[in-house]
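J.: Put together the whole structure using the sequences plus the hints.
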Amino acid sequence: MKNLRLKSARAILDMSQEQLAEAVGVTRQTIGMIEAGKFNPSLQLCIAICKTLGKTLDDIFWEV
Numbered sequence: 036m037k038n039l040r041l042k043s044a045r046a047i048l049d050m051s052q053e054q055l056a057e058a059v060g061v062t063r064q065t066i067g068m069i070e071a072g073k074f075n076p077s078l079q080l081c082i083a084i085c086k087t088l089g090k091t092l093d094d095i096f097w098e099v
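Using this note's numbering, the first residue of the sequence shown is number 36, and each one after it goes up by one.
Hints are computed from structural coordinates only; laboratory data are not their basis. Errors might be hidden in some of the hints.
[What the hints assert, rightly or not] In silico EDC-like links for lysine to aspartate or glutamate, alpha-carbon gap of 16 Å or less:
#	residue 1	residue 2
1	K42	D94
2	K90	D49
3	K37	E98
4	K42	E53
T.: Now the structure itself:
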């Protein structure tokens, strides 16, 4: 399942995949795969992404 909430939160901050990737210590491809729903990130990576975007885990990763 695509993670449109991650893409949206990143876009609101006018942050590219590359910028987010550098901030959390992964490659741009990893961020792209998370957004495409093709990669299940570790909890540590999820937390780093959320802190960087100023969001909670529920905001970005919780599926309703």
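J.: Give a verdict on every hint.
T.: Hint-by-hint comparison with the structure:
1. K42 to D94: holds, 12 Å
2. K90 to D49: holds, 15 Å
3. K37 to E98: holds, 11 Å
4. K42 to E53: Roughly 12 Å separates the two Cα atoms, so the pair holds.
Hint violations for this structure: none, all hints satisfied.
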